[in-house]
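Asker: These are the residues of each chain, in order.
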Amino acid sequence: MSAEERVLTGSHFLLGDHACAEGAMAAGCDFFAGYPITPSTETPERLSRRMPAVGAIFVQMEDELASMSALVGASLAGARAMSATSGPGFALMLENIGMAVMMEAPCVVVNIQRGAPSTGLPTLVGQGDMMQCRWGSHGDYEIVAYSPSSPQEAFDHVIKAFNTADRWRIPVFVMADELIGHMTERVVIPPADQIPRVERKRPRHKPGDESFLPFLAEDEDLVPPIVHAGEGYRVNYDSLTHDEKGYPATFADPHDRLVRRLVNKIRLHVDQIIEYEEIFLDDAELAVIAYGSTARSARRAVNEARKEGIRVGLLRLITVWPFPGDKVRELSKQVKAFVMPELNLGQISREVERFTSLPVIGVNHAGGVMMAPYPILDAIKEVNKNA
Amino acid sequence: MRETVVESHPIDAVFRTDRLPHIFCPGCGIGPATHAYGQAILESGIPKDQHACVSGIGCTARVPGYMDVDSYHTTHGRSIPFAMAIAVVKPEMEVTVFSGDGDLFGIGGNHFIHAARRNVDINVICINNFNYGMTGGQVGPTTPLGARATTAPYGNTEPPFNLPYLAAATGAVFVARWTALHVRQLKEAILRAMQKKGFTFIEVLSPCPVGFGSPNDIGDAIEEVWLYRERCVVDHNAYLPDLEIDLRRKDKPFVMGNFVDIEKAPFDPLAMMKNKGE
Amino acid sequence: MAAVLSRQPLDKATISIPRGRIYIIPERCKGCRFCIDFCPRDVLVETSEMNAKGYHYPIVAEGKEDECIACQFCSILCPEFAIYTEEIVEEETAK
Chain W
112 MSAEERVLTG
122 SHFLLGDHAC
132 AEGAMAAGCD
142 FFAGYPITPS
152 TETPERLSRR
162 MPAVGAIFVQ
172 MEDELASMSA
182 LVGASLAGAR
192 AMSATSGPGF
202 ALMLENIGMA
212 VMMEAPCVVV
222 NIQRGAPSTG
232 LPTLVGQGDM
242 MQCRWGSHGD
252 YEIVAYSPSS
262 PQEAFDHVIK
272 AFNTADRWRI
282 PVFVMADELI
292 GHMTERVVIP
302 PADQIPRVER
312 KRPRHKPGDE
322 SFLPFLAEDE
332 DLVPPIVHAG
342 EGYRVNYDSL
352 THDEKGYPAT
362 FADPHDRLVR
372 RLVNKIRLHV
382 DQIIEYEEIF
392 LDDAELAVIA
402 YGSTARSARR
412 AVNEARKEGI
422 RVGLLRLITV
432 WPFPGDKVRE
442 LSKQVKAFVM
452 PELNLGQISR
462 EVERFTSLPV
472 IGVNHAGGVM
482 MAPYPILDAI
492 KEVNKNA
Chain C
278 MRETVVESHP
288 IDAVFRTDRL
298 PHIFCPGCGI
308 GPATHAYGQA
318 ILESGIPKDQ
328 HACVSGIGCT
338 ARVPGYMDVD
348 SYHTTHGRSI
358 PFAMAIAVVK
368 PEMEVTVFSG
378 DGDLFGIGGN
388 HFIHAARRNV
398 DINVICINNF
408 NYGMTGGQVG
418 PTTPLGARAT
428 TAPYGNTEPP
438 FNLPYLAAAT
448 GAVFVARWTA
458 LHVRQLKEAI
468 LRAMQKKGFT
478 FIEVLSPCPV
488 GFGSPNDIGD
498 AIEEVWLYRE
508 RCVVDHNAYL
518 PDLEIDLRRK
528 DKPFVMGNFV
538 DIEKAPFDPL
548 AMMKNKGE
Chain U
189 MAAVLSRQPL
199 DKATISIPRG
209 RIYIIPERCK
219 GCRFCIDFCP
229 RDVLVETSEM
239 NAKGYHYPIV
249 AEGKEDECIA
259 CQFCSILCPE
269 FAIYTEEIVE
279 EETAK
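Residue numbers (the working numbering), protein chains in the order written: chain W, 112 to 498; chain C, 278 to 555; chain U, 189 to 283.
Hints in this document: simulated from the structure, not taken from any laboratory.
Heads up, some of the hints might be wrong.
Claimed, not checked - Straight-line alpha carbon distances no greater than 25 Å define the calculated BS3-like cross-link-like pairs of lysine-lysine that follow:
hint	chain 1	residue 1	chain 2	residue 2
1	W	Lys496	W	Lys447
2	C	Lys551	C	Lys541
3	C	Lys325	W	Lys356
4	W	Lys418	W	Lys492
5	C	Lys325	C	Lys474
6	C	Lys325	W	Lys317
Said to hold, decoys possible - Computed Cβ-Cβ distance ranges for the label pairs, DEER-style:
hint	chain 1	residue 1	chain 2	residue 2	range
7	W	Pro318	C	Pro287	20 to 30 Å
8	U	Glu234	C	Ala290	23 to 33 Å
9	C	Asn514	U	Arg229	28 to 38 Å
10	C	Asn387	W	Asp393	54 to 64 Å
11	W	Pro228	C	His513	45 to 55 Å
Even glycine gets a Cβ: it sits at the ideal position worked out from N, Cα and C.
Produce the entire structure from the sequences given, and follow the hints as far as they go.
Answerer: Structure (structure tokens):
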């Protein structure tokens, strides 16, 4: 098997960061622009070798601001575009994530989270960017964020991310963490024709048709068809609020109309986007909610608790955003409490609290070490006692 | 004969006429510079469909919105990496960044020097009106020493960039400076830039009666343009370090010209792959 | 006097000075006066009329109706794309 092949079909023992890179290759990533940052650096290192070998474009930019701006430009020129970073780099990308939202430019950013805030713990795990990826940029907007719990999922989620981005014309995040990024595990890569690929919606209008309104979303999904540079449509893409023609329209009514559509594009279609895994929830009296590397420890804790007769289950989030609020509401009718382990001081637990009046017991650590199963098991037992 | 009243202008072919008149102040130099750019598009031999115009934020950055080409009004300071991405994904396109001095050299300075270093195949046209105009006339990286601005009411304490020198030093293959008055030479320079492969840079000195002229006792746009008329000299072979603009020294002219025109391999992310004979 | 008279281009008889027709779009004008001040023949002058925005747009001055040489400077300098000239070709003037 030569390195020139995009899809390395077969069973591999892969570093999580490398699995992200292979996911990008398999998804047909045409353009990567990034900046080295621990613990994500291995992803661009691998892509710098793999992408040029297949004629795809790999560029190391001067910083993350340039990287994110380049992602939007590449995407609007027709490329499947991706970057990989960690917390501090993600913080620099925020303004242009807003631009990706505003211009409805599909793109993927992988965040291998590390101890935060600030320079924090560059080489060690954290999960402190979860709220940032949802709300970090200014204004109202919706994004999708996946949270892999293994290198296999890192591979799978990058492919999902490209498809979700192209389907809904949004930036999509793969919120991995250093544990997943730096662990080496079995990754099975399917044959190329079994890799799912969703294409962008294209216009019915021909180039030069004066009646074409590039930002008019006529379909129920509220996604307008995309046109790329050089196709002859000569459209204005504006970071300013704009009308259906793409012209700046800095007034209240068109602004509200546009922002509502951008938000509703996702909000009204979460049922097509949200994914989670249910483990032992059918008869559960307690529910643990977890994501990313912490979900692995949570699973072990739940297994141990079950052995002790505690009826606890696990809701493992695959998409953290949009958050499965309806599922939490539904579970609230069944369980007595939630336990939420996170390698941060309580971020997604706030979302859980929004959808339930039941107690949400956090098991928290600011990061730097894998969350062991024991504190989660202790919390389950404690809650079970008091419930 | 007397004048004839009409409803359209020959240059309208390159504009989104449904958006005219543009928002620029009476006497703003962005208008003439845009006309020169539009004329260059029409004369470039490259169809409109293959041109892309990218800007950041500012008065000048409103220009792509008026051009009838693929246009991108991006975030403040980040037009150059955006343009670079289009240029590498769609190398057949003629990508031009049309933005202002504050956007390109204040917040955007880092991206400028790296794109010049890489020799990315884009054209950068910088309208230099010596201030941040859109936000009301604040001091910027090209405001002359001693000039007043809303955030420098006692006079600017910082020396400005010497843009042609900076561009040449960081690797641009074509460097020129003209003014919004020297529209013929400006159009020729833009045409030359479009023909060249690699990073080209054109600085256009522009009157800004509201943002710059007013706080600096320049009566109106006409007076500011006459300043250029009187103090500009053309010297294509000028010594680049001497090109800074100093308003206070009446003996120091504003030097215009096409200063650098060299050949260098443009940026190609796959350059090393070709050497392998693959 | 004779020395002065001899200092003329040798092809003066065959070359004619171009003449131009001026076209204006009054509604686009913002009254900046670039065209008026920079016309090499001072052909233009501000009208006392106003466009819808209150700006005084340029018109051809009295007595200057045949002075435009179609240099195009107003055309390319106008910030608003509100004025242009077209060279009047021989066939037209013959009529």
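Asker: Run every hint past the structure and note whether it holds.
Answerer: Status of each hint after checking the structure:
1. Between the alpha carbons of Lys496 (chain W) and Lys447 (chain W) the distance comes to roughly 11 Å, so the proposed pair stays at or under 25 Å and holds.
2. Of the supplied pair hints, the one linking Lys551 (chain C) and Lys541 (chain C) holds, its CA atoms being roughly 17 Å apart against a limit of 25 Å.
3. Note on Lys325 (chain C) and Lys356 (chain W): the hinted pairing holds, with a Cα-Cα distance of about 19 Å set against a maximum of 25 Å.
4. About 12 Å separates the Cα atoms of Lys418 (chain W) and Lys492 (chain W), which keeps this hinted pair within 25 Å; it holds.
5. Between Lys325 (chain C) and Lys474 (chain C) the CA atoms are separated by roughly 18 Å; this keeps the pair inside 25 Å, and the hint holds.
6. This hinted pair checks out: Lys325 (chain C) and Lys317 (chain W) have alpha carbons roughly 16 Å apart, not beyond 25 Å.
7. Against the hinted window of 20 to 30 Å, the Cβ-Cβ separation of Pro318 (chain W) and Pro287 (chain C) comes to about 24 Å, which satisfies the hint.
8. Roughly 29 Å separates the CB atoms of Glu234 (chain U) and Ala290 (chain C), a value that falls within the hinted 23 to 33 Å.
9. A C-beta distance of roughly 33 Å is found between Asn514 (chain C) and Arg229 (chain U), which places it inside the suggested range of 28 to 38 Å.
10. Between Asn387 (chain C) and Asp393 (chain W), the C-beta spacing of about 56 Å keeps the proposed range 54 to 64 Å intact.
11. A C-beta distance of roughly 53 Å is found between Pro228 (chain W) and His513 (chain C), which places it inside the suggested range of 45 to 55 Å.
In summary, this structure violates none of the numbered hints.
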